[in-house]
Amino acid sequence: MAKTGTVDQPGAAYTFDSQEKPVRRHTFAVIVDNEPGVLARVIGLFSGRGYNIESLTVSTVTEDATVSRINIVTTGTEMVIEQIKAQLQRLVPVHNVHDLTLEGPHVEKELALVKVKAKDHNRRESLRIADVYHAQVADTTLESFVFLIHGSTEKVDSFIELMDALGETEVARSGVVAISRGAEITPV
Amino acid sequence: MDTTEMTGAAMVIKALADQGVDVVFGYPGGAVLPIYDELFKQNRIRHILVRHEQGAVHAAEGYARSTGKPGVVLVTSGPGATNAVTGLTDALMDSIPIVCLTGQVPTHLIGNDAFQECDTTGITRPCTKHNYLVKDVNRLARTLHEAFYVATTGRPGPVVVDIPKDVQFGSGTYAAPEGKQKHKTYQPQVKPDRERIDAAVDMLLSAKRPIVYAGGGVVNAGPAASQLLTEFVRMTNFPCTLTLMGLGAFPAREPQYLGMLGMHGTYEANWAMHDCDVMLCIGARFDDRITGKLDAFAPESRKIHIDIDPSSINKNVAVDLPIVGDCGYALEDLIKVMRARHKKPDEEALADWWRRIDEWRAKKCLSFETNDAVIKPQQAIRRLYEMTRDRGDDVYITTEVGQHQMWAAQHFGFQKPNRWMTSGGLGTMGYGLPAAVGVQLGHPDALVVDIAGEASILMNIQELSTAVQYRLPVKVFILNNKYMGMVRQWQELLHGGRYSESYSEALPDFVKLAEAYGLKGLRATKPDELDGLIEEMLAHDGPVMCDVAVDPTENCFPMIPSGAAHNDMLLAPVAEGEEAIGAEGKMLV
Chain A
1 MAKTGTVDQP
11 GAAYTFDSQE
21 KPVRRHTFAV
31 IVDNEPGVLA
41 RVIGLFSGRG
51 YNIESLTVST
61 VTEDATVSRI
71 NIVTTGTEMV
81 IEQIKAQLQR
91 LVPVHNVHDL
101 TLEGPHVEKE
111 LALVKVKAKD
121 HNRRESLRIA
131 DVYHAQVADT
141 TLESFVFLIH
151 GSTEKVDSFI
161 ELMDALGETE
171 VARSGVVAIS
181 RGAEITPV
Chain V
1 MDTTEMTGAA
11 MVIKALADQG
21 VDVVFGYPGG
31 AVLPIYDELF
41 KQNRIRHILV
51 RHEQGAVHAA
61 EGYARSTGKP
71 GVVLVTSGPG
81 ATNAVTGLTD
91 ALMDSIPIVC
101 LTGQVPTHLI
111 GNDAFQECDT
121 TGITRPCTKH
131 NYLVKDVNRL
141 ARTLHEAFYV
151 ATTGRPGPVV
161 VDIPKDVQFG
171 SGTYAAPEGK
181 QKHKTYQPQV
191 KPDRERIDAA
201 VDMLLSAKRP
211 IVYAGGGVVN
221 AGPAASQLLT
231 EFVRMTNFPC
241 TLTLMGLGAF
251 PAREPQYLGM
261 LGMHGTYEAN
271 WAMHDCDVML
281 CIGARFDDRI
291 TGKLDAFAPE
301 SRKIHIDIDP
311 SSINKNVAVD
321 LPIVGDCGYA
331 LEDLIKVMRA
341 RHKKPDEEAL
351 ADWWRRIDEW
361 RAKKCLSFET
371 NDAVIKPQQA
381 IRRLYEMTRD
391 RGDDVYITTE
401 VGQHQMWAAQ
411 HFGFQKPNRW
421 MTSGGLGTMG
431 YGLPAAVGVQ
441 LGHPDALVVD
451 IAGEASILMN
461 IQELSTAVQY
471 RLPVKVFILN
481 NKYMGMVRQW
491 QELLHGGRYS
501 ESYSEALPDF
511 VKLAEAYGLK
521 GLRATKPDEL
531 DGLIEEMLAH
541 DGPVMCDVAV
551 DPTENCFPMI
561 PSGAAHNDML
571 LAPVAEGEEA
581 IGAEGKMLV
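Sequences listed follow chains A and V, in order.
Under UniProt numbering, the residue at position 8 of the first sequence is numbered 8, and the numbers go up by one with no gaps.
Under UniProt numbering, the residue at position 15 of the second sequence is numbered 15, and the numbers go up by one with no gaps.
For the record, the hints were derived by calculation from the structure and aren't laboratory data.
Because the structure is a prediction, the values reported are computed rather than measured.
Be aware that one or more of the hints could be misleading.
Said to hold, decoys possible - Lysine-lysine pairs mimicking DSS-like chemistry, simulated, CA-CA at most 27 Å apart:
no., chain 1, residue 1, chain 2, residue 2
1, A, Lys85, V, Lys182
2, A, Lys85, V, Lys69
3, V, Lys191, A, Lys85
4, V, Lys191, V, Lys180
5, A, Lys85, V, Lys184
6, V, Lys191, V, Lys416
7, V, Lys180, V, Lys69
8, V, Lys14, V, Lys69
9, V, Lys364, V, Lys526
10, A, Lys21, V, Lys364
11, A, Lys85, A, Lys117
12, V, Lys526, V, Lys512
13, V, Lys364, V, Lys376
Said to hold, decoys possible - What follows is a list of derived Cβ distance ranges for each label pair:
no., chain 1, residue 1, chain 2, residue 2, range
14, A, Val171, V, Leu49, 54 to 60 Å
15, V, Leu538, A, Gln89, 45 to 51 Å
16, A, Gln89, V, Asp22, 30 to 36 Å
17, A, Ser152, V, Gln189, 33 to 39 Å
18, A, Val23, V, Asp509, 54 to 60 Å
19, V, Tyr470, A, Ala65, 35 to 41 Å
For glycine and all other residues, C-beta sits at the position ideal for the given N, C-alpha and C.
Only chain A is shown next, with the shape it has when bound in the complex (with noise of 0.2 Å):
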């Protein structure tokens, strides 16, 4: 018999967390020095402890492209957001780990390509519902369009989602970008 969340932890070896406490959602910006293998370092680290990245983006921020900014969206409990911040922040060519979503309001889009394939009436529709979405056409046939769209994930996400009503899709996404609001320049 499977046995859910609520049973007595069995802790004594190994710790589990079978509680089932609230998984959130958080963005984190992670400055780390420009150089090979860091990029395998911090997906390692995530991919070695069990936590999750749903959304990854990388490049370099400054003009001399020594530092880059790392973008990743992940999910835990509060605990596990911690430990990620923490174990992120031991990496050596790391120079600071932002958590955005505690650290206040921030900026949040995504980029992404979206090719339909669509004829008559639907390719018509998918023009229409790209003007209602600010997305531009980036390419063209007689059959099919390029859109290029931005915001955030959910709206790019509904957008797909309308095209894929519409025809074949093919999607390209760039993954989430995140800045914080305000004045305030966060120092690499």
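Starting from the structure of chain A, add chain V where the hints point.
Same frame as chain A, but now just chain V:
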């Protein structure tokens, strides 16, 4: 010629010398030949040729753990590096400062599946504190200095520097270590926040049933930290328990000492942990062998956790007051603040608490019965302890992993830190003998004993050659019960006594084996031979391997079965056929 201009290989030797390294444990091979060539030309650094790269890392660990200095390892590419992985993981789990230099195929061949090539930095990334692949000879010296800095500061750990052969041959400028290394991103916090120390003192002074639970972090913080811990405990008269890694951080002879805690800890230590109202955890990490059943772990306590590694805090157990910092600094501040207060700990409550603890102590949970027919393993360790006690602090014990390790932890009393070397986190069988080699090199005149099991010792038996080659008088004290004892014990308790593959079949004759390697071999099979064997072992001015036949059915108690809480310990063997551990516990090892 500019004296700072030299080959990469020469830089390695110069950097090691500048870092104060006097001994390197290693094994040569194609990709490190230039470095070995430089080693040949100098006399400052002593190279110890091990017989397997795993042994090199464990030896370096033993050296580091017993001297407080970083252990240095030099191995070749490919199999040299992969053989070192177990040792590196062991050092990471137990926070031992190691700098491991690995040779690598020339840079232009990296990624080509060249002979003896492996992705060393990729393989060792999760089992090191940090690692480097040096592709530019002009960065080599600085990287080596940084490796020492990272390995030895903050929470110590192993660091790998992978050096391709062309970088070793190449010529560049040597950079001397800068006085005080300051790393741009790696800056561990060593000084604790003063406000938190104040809050901790408030909590400790309000305690009615306090306990100090200290671990390997105190040992890593240096002997002064252990002194401060002793001072703190004497001053407060709080009961103190130590983890496996912490043994020696507080003197075993002190009246406040409750013994080791955890799965095979003492009855009094585990009950006191369970019933305490304020817990001061110093340099320990609430490991699953310590906590037992998590939701029954010290249920009525408020917890203070001092650790230099923020990721150790709130990992397994949520604490009320986290303090990030070096154990030594934190203890110093705690003592200072406590002294300055007018309020003293609640004497009356403390006296009550000690009365309860004394009742638990009265169980004498570590007692065992001896007889004339067969040596009890506990008896062997007790006698070893009693017969070496007059040597004072000059006794160093290493162990392998299993029952003998737990018995050694229970029955051998340590009064000083750095005297006890064991594989705690990773639980590596085969750790003890190479570690003893490393310890003996750090302490040439001390008594170094590897307390071993007959199964564990075979995992790195080849290091006997190393001991013989360098005339290291290590003593290997095998408790031979003809079983992988801990495996057998679990099979007895969990799996209905079906001893699947845990019988040590086709064992060598350890006395003849010792003699074949050039050691003295001794054997005891009856209790009345035990003292004579230990005497002879101690009297021999060279390496000895002792085969002590012990009771094959003895189990290690006390024991907290998996799935159980601290106040649910097993003290005596359970009745035949009865399963002490529930179905849930079975899944948990």
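Here is what the structure says about each hint:
no.	hint	in the structure
1	A:Lys85 - V:Lys182	holds, 23 Å
2	A:Lys85 - V:Lys69	violated, 30 Å
3	V:Lys191 - A:Lys85	holds, 21 Å
4	V:Lys191 - V:Lys180	holds, 17 Å
5	A:Lys85 - V:Lys184	holds, 19 Å
6	V:Lys191 - V:Lys416	holds, 24 Å
7	V:Lys180 - V:Lys69	holds, 17 Å
8	V:Lys14 - V:Lys69	holds, 18 Å
9	V:Lys364 - V:Lys526	holds, 25 Å
10	A:Lys21 - V:Lys364	violated, 41 Å
11	A:Lys85 - A:Lys117	violated, 43 Å
12	V:Lys526 - V:Lys512	holds, 19 Å
13	V:Lys364 - V:Lys376	holds, 17 Å
14	A:Val171 - V:Leu49: 54 to 60 Å	holds, 59 Å
15	V:Leu538 - A:Gln89: 45 to 51 Å	holds, 49 Å
16	A:Gln89 - V:Asp22: 30 to 36 Å	holds, 34 Å
17	A:Ser152 - V:Gln189: 33 to 39 Å	holds, 37 Å
18	A:Val23 - V:Asp509: 54 to 60 Å	holds, 59 Å
19	V:Tyr470 - A:Ala65: 35 to 41 Å	violated, 50 Å
In terms of the numbered hints stated before, the structure departs from hints 2, 10, 11, 19, listed from lowest to highest.
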